[in-house]
Amino acid sequence: MNRITTLFERKKKNLLSIYFTAGFPALADTELVLEALQKNGADIIEIGIPYSDPLADGPVIQHSSMQALSNGISIKKIFEQIRNMHEHGRRKESVPYILMGYLNPVMQYGLEKFVEEAKNSGIDGLILPDLPIDEFDENYRDIFEKNNLKCIFLVTPETAEARIRQIDALSSGFIYAVSSSAITGSDTDFSRQESYFKRLEKMSLLNPIMIGFGIRDAATFNAACKYAAGAIIGTAYIKAIETSIDLEADTAGFLNAILKAGMTG
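Mapping of the sequence shown onto our numbering: position 194 corresponds to residue 236, and the numbering continues sequentially without gaps.
Misleading hints may appear alongside valid ones.
[As the list claims (entries may be wrong)] Mimicking DMTMM-like on lysine to aspartate or glutamate, the simulated pairs with C-alpha atoms at most 20 Å apart in a straight line are:
{"no.": "1", "residue 1": "Lys54", "residue 2": "Glu200"}
{"no.": "2", "residue 1": "Lys268", "residue 2": "Glu135"}
{"no.": "3", "residue 1": "Lys281", "residue 2": "Glu77"}
{"no.": "4", "residue 1": "Lys268", "residue 2": "Asp292"}
{"no.": "5", "residue 1": "Lys53", "residue 2": "Glu243"}
{"no.": "6", "residue 1": "Lys240", "residue 2": "Glu200"}
{"no.": "7", "residue 1": "Lys118", "residue 2": "Glu154"}
{"no.": "8", "residue 1": "Lys55", "residue 2": "Asp292"}
{"no.": "9", "residue 1": "Lys155", "residue 2": "Glu200"}
{"no.": "10", "residue 1": "Lys119", "residue 2": "Glu177"}
{"no.": "11", "residue 1": "Lys268", "residue 2": "Glu290"}
{"no.": "12", "residue 1": "Lys188", "residue 2": "Glu200"}
{"no.": "13", "residue 1": "Lys81", "residue 2": "Glu243"}
{"no.": "14", "residue 1": "Lys134", "residue 2": "Glu290"}
{"no.": "15", "residue 1": "Lys118", "residue 2": "Glu51"}
{"no.": "16", "residue 1": "Lys155", "residue 2": "Glu177"}
{"no.": "17", "residue 1": "Lys188", "residue 2": "Glu236"}
{"no.": "18", "residue 1": "Lys188", "residue 2": "Glu203"}
{"no.": "19", "residue 1": "Lys240", "residue 2": "Glu203"}
{"no.": "20", "residue 1": "Lys119", "residue 2": "Glu129"}
{"no.": "21", "residue 1": "Lys53", "residue 2": "Glu129"}
Bear in mind the hints are in silico, worked out from the structure with no lab data behind them.
Every value quoted in this text rests on a predicted model; they were computed, and no experiment measured them.
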């Protein structure tokens with residue numbers, strides 16, 4: 043069974059997903075960050091595939107992508123690093139790994155080849171924000187299902203209910219609810235988004251919801267968890283490790299601050 047499915051069966055609320063950019067701060071840090079995150083309480087880990095034109099990303103994640111690319115990261119290298127976690131016994135089997143990136147590099151790599159190598163590397167899901175759901179349904183759904191890989195789609199406050207239900211019907215992992223239509227890293231006033239979150243909650247969707255964009259600390263994490271299965275943090279974590287000289291200690295400090303209210307127990 044897929045680790046994402048197993049996780050949501052085991053834990054229904056207050057899940058913490060952390061996004062980081064592969065190959066950042068240094069090329070070899072991917073494995074160190076994975077170890078530190080799974081050791082210190084991350085329920086899901088999203089591994090960002092750096093791209094030179096990340097349209098939806100704010101300046102922090104854009105900078106991390108540029109740095110990772112200059113470090114020499116590539117899709118092939120990311121798969122190698124993740125396989126190393128397995129081969130050296132450092133992978134925590136209960137924690138799903140999700141790759142998040144843009145469609146263009148994946149298509150250049152070859153989508154079917156990419157999905158197969160993702161499965162063989164121990165990846166559980168894939169987020170491609172610019173992959174149209176109709177194209178996925180018509181051309182790629184069978185490839186994902188054959189490789190037991192979840193394709194996770196995003197919804198925003200502007201997404202119509204019919205579209206949300208279509209996404210829900212095509213999904214089998216979770217739905218990524220973007221808290222606003224701004225870029226990643228933008229501050230979010232959750233009191234303004236309350237009606238949007240309540241609308242999603244009342245739809246009784248088949249898939250659990252994880253809220254992302256603007257989650258940066260214990261207060262915003264807890265606020266998001268009132269309306270969803272959990273929340274996703276990216277920009278704030280990348281800031282926390284950007285100049286780190288001890289990834290383990292800085293990751294532990296960051297996650298402990300998020301989880302200090304005991305929300306994920």
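Checked hints:
no. : hint            : result
1   : Lys54 x Glu200  : violated, 26 Å
2   : Lys268 x Glu135 : violated, 28 Å
3   : Lys281 x Glu77  : holds, 18 Å
4   : Lys268 x Asp292 : violated, 27 Å
5   : Lys53 x Glu243  : holds, 17 Å
6   : Lys240 x Glu200 : holds, 14 Å
7   : Lys118 x Glu154 : holds, 14 Å
8   : Lys55 x Asp292  : violated, 25 Å
9   : Lys155 x Glu200 : violated, 34 Å
10  : Lys119 x Glu177 : violated, 28 Å
11  : Lys268 x Glu290 : violated, 29 Å
12  : Lys188 x Glu200 : violated, 32 Å
13  : Lys81 x Glu243  : violated, 31 Å
14  : Lys134 x Glu290 : holds, 16 Å
15  : Lys118 x Glu51  : violated, 32 Å
16  : Lys155 x Glu177 : holds, 17 Å
17  : Lys188 x Glu236 : violated, 38 Å
18  : Lys188 x Glu203 : violated, 29 Å
19  : Lys240 x Glu203 : holds, 13 Å
20  : Lys119 x Glu129 : holds, 15 Å
21  : Lys53 x Glu129  : violated, 27 Å
Hint check: violations occur at hints 1, 2, 4, 8, 9, 10, 11, 12, 13, 15, 17, 18 and 21; the rest are consistent with the structure.
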